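Participant: Model the placement of chain G on the given structure of chain D, informed by the hints.
Protein chains in written order, with this note's numbering: chain D, 1 to 296; chain G, 297 to 581.
Hints are computed from structural coordinates only; laboratory data are not their basis. Just so you know, not all the hints are guaranteed correct.
Unchecked claim - Which bits of chain D does chain G cover? Going by a derived footprint, with three or more residues having C-beta under 8 Å, they are:
no. : segment
1   : 32-40
2   : 105-117
3   : 123-134
4   : 169-180
5   : 237-249
6   : 253-264
Said to hold, decoys possible - Capping the alpha-carbon separation at 30 Å, the derived lysine-lysine pairs in DSSO-like fashion look like this:
no. : chain 1 : residue 1 : chain 2 : residue 2
7   : G       : K568      : D       : K103
8   : G       : K568      : G       : K314
9   : G       : K314      : D       : K197
10  : G       : K436      : D       : K259
11  : G       : K308      : D       : K103
As the structure is a prediction and not an experimental result, all values here were calculated from the model. Idealized CB from N, CA, C, for every residue including glycine.
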Amino acid sequence: MKLRDNMGRSRRSEYILALLFIIPGYSLFILFNWGPNIMSLILSFFKWDIFTPMKFIGLDNFIKLFTEDPLIPQITLNSFLYFLYTIPAMVILPLIIAILLSKITIMRGFFQSIYFLPIIASGVSISIMFRYIYSPSNGLINNLLFFIDKNINWLTDTKTVLFAISIIIVWKSVPFYTILYLAHVRNIPSEQYEAAKIDGCRELGLLRYITLPAVKTTVTLISILSVSNSFFNGFEQVKVLTEGRPLNASNIFAYYIFKTGVEDINVGYSSAIAFMFFILFAVIAIPIVRRQYKTV
Amino acid sequence: MSLRNIDLKRIKHRYIPKFFVYLFLTIGGLIFTFPFYLMVSGSFMTEKQIFSKPPEYIPRPFFVDSILQALKFLGWRSYLNIFIITVAVTLGVCILASMLGFAFAKLKLPGKNILFYIIIAAVFVPWQIAIVPRFVLVAKMGMLDSFQGAIIPLLANIIMPTYFFRNYFSTIPDDLFDAAKIDGCSTASTFIRIILPLSKPAFSTIAALVSLFTWNNYMWMLIVLQSGKMQVLTTKIAGLSNPESYASTSFMLSSAFLATLPLLIMYIFAQKWFVQGIGTQGLKY
Numbered sequence: 001m002k003l004r005d006n007m008g009r010s011r012r013s014e015y016i017l018a019l020l021f022i023i024p025g026y027s028l029f030i031l032f033n034w035g036p037n038i039m040s041l042i043l044s045f046f047k048w049d050i051f052t053p054m055k056f057i058g059l060d061n062f063i064k065l066f067t068e069d070p071l072i073p074q075i076t077l078n079s080f081l082y083f084l085y086t087i088p089a090m091v092i093l094p095l096i097i098a099i100l101l102s103k104i105t106i107m108r109g110f111f112q113s114i115y116f117l118p119i120i121a122s123g124v125s126i127s128i129m130f131r132y133i134y135s136p137s138n139g140l141i142n143n144l145l146f147f148i149d150k151n152i153n154w155l156t157d158t159k160t161v162l163f164a165i166s167i168i169i170v171w172k173s174v175p176f177y178t179i180l181y182l183a184h185v186r187n188i189p190s191e192q193y194e195a196a197k198i199d200g201c202r203e204l205g206l207l208r209y210i211t212l213p214a215v216k217t218t219v220t221l222i223s224i225l226s227v228s229n230s231f232f233n234g235f236e237q238v239k240v241l242t243e244g245r246p247l248n249a250s251n252i253f254a255y256y257i258f259k260t261g262v263e264d265i266n267v268g269y270s271s272a273i274a275f276m277f278f279i280l281f282a283v284i285a286i287p288i289v290r291r292q293y294k295t296v
Numbered sequence: 297m298s299l300r301n302i303d304l305k306r307i308k309h310r311y312i313p314k315f316f317v318y319l320f321l322t323i324g325g326l327i328f329t330f331p332f333y334l335m336v337s338g339s340f341m342t343e344k345q346i347f348s349k350p351p352e353y354i355p356r357p358f359f360v361d362s363i364l365q366a367l368k369f370l371g372w373r374s375y376l377n378i379f380i381i382t383v384a385v386t387l388g389v390c391i392l393a394s395m396l397g398f399a400f401a402k403l404k405l406p407g408k409n410i411l412f413y414i415i416i417a418a419v420f421v422p423w424q425i426a427i428v429p430r431f432v433l434v435a436k437m438g439m440l441d442s443f444q445g446a447i448i449p450l451l452a453n454i455i456m457p458t459y460f461f462r463n464y465f466s467t468i469p470d471d472l473f474d475a476a477k478i479d480g481c482s483t484a485s486t487f488i489r490i491i492l493p494l495s496k497p498a499f500s501t502i503a504a505l506v507s508l509f510t511w512n513n514y515m516w517m518l519i520v521l522q523s524g525k526m527q528v529l530t531t532k533i534a535g536l537s538n539p540e541s542y543a544s545t546s547f548m549l550s551s552a553f554l555a556t557l558p559l560l561i562m563y564i565f566a567q568k569w570f571v572q573g574i575g576t577q578g579l580k581y
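Isolated chain D (complex conformation) (with noise of 0.2 Å):
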């Protein structure tokens, strides 16, 4: 009897200390991380400018954001395009690159320094570098393009400035992603490598037989993370470089939630949109994870 009392207090004093490592932590993670998201959905029923008292409005929000915002169709264009031109790009060029550095052995820390060296400038000092390059007037780009004898407005002209952006997006997402196909090239067993040179497999082989089913699951993964980075990838360069101009051909969700909910504080319809955005998002990642979950 009294050892079970004393069992008892062991393991309520065992709960009291889990409970005191996960409360602090916990609290400000529900307080401004889920309470947020939460909110968001229960804000898009409403119509409210912060200052005002709120107003439920039912499904007006919707019904603005399908049938009279002239900006949504435009913006949900937009966004495709980006991912057009963003996610392929950042799921095969990290690949090329992690598996040429796992081929090297001479100079490869210096390899991989020059690769990963774009991880540690923010979107903002980017975008400042990169508004040089696209500089029509002396810029790199159009100095490397001399022979279209054309001076080509990248960020300025509505054909141009998405393709432009997508460039920097790409750009600075490649080394974080080669860094995660790195770290799983490296993984694989040099012995399965051993048995399939002596099978007679050449580099062709090796790479078809091996390397690329091996890494097979982390191109989903990295699927998914660049489709729900893409989500807000582009604010950054959007903000910094043309806030959605001209004639908002630049203009994406990451950018357009901004811009209604704290410029011009909507902040319903700003929900309402940020709530479309997340279905958006929904209904791209999950057959990339169900499809996943099949194949392995």
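Facilitator: Same frame as chain D, now just chain G:
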């Protein structure tokens, strides 16, 4: 004769592919470093040289006015602000996430797995989705334009660190705890005296990543810090890019360079931890 044949074969199968690997890597490396070079060299050029035809890429004469101007413009205050914010967020995330990770990995509590999955589920909701309610919340708490307002909400970004620490602590064998218990160590002091010293690599990894992302954070700082004296490096530089600021290219590049410089220095010493962090965690922290 036969020797020569073997050598040719060797060259064909070994050195030629290697040559192309290095060639591609060099070209790619230029793509990833040349923008940095342009930023640094542009900082030391006069506006006239930047726009000279044909283009020049080496500063001549060495022009330091825009760097000095940028130093004055950024000021010590914006460095101090972001330094305080970065240190506080990094320390906070390390402490909170390691405690959470430890509790989820090693302590007993009914329903702790459900609590853990509630944290993990948030990884599917991009942080920026709820940026406006978060801003409203901070405003209602009277924390706009203050260090608390900048720091505390960022402490809630503990999804990946918690996940990371939980995995890390799970690999520590239970025997270690039992041994410590027999020696009269309580669970809490085992954590502080034995587990923490063992986990230095884990902390370095998380600290490198969190400090990198905090130092470079723009969106949240833009929203929450409004007065002139609370500005940080990213918000100050972003302001330059506004067409109304009429900043010269060389001045903008200088400012961007000066803001990146602390991280460049850190990169030289802590590259390993950045790479490890990204390699094991996959970006989002």
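Participant: Determine which of the earlier numbered hints do not hold for this structure and return their numbers in increasing order.
Facilitator: none
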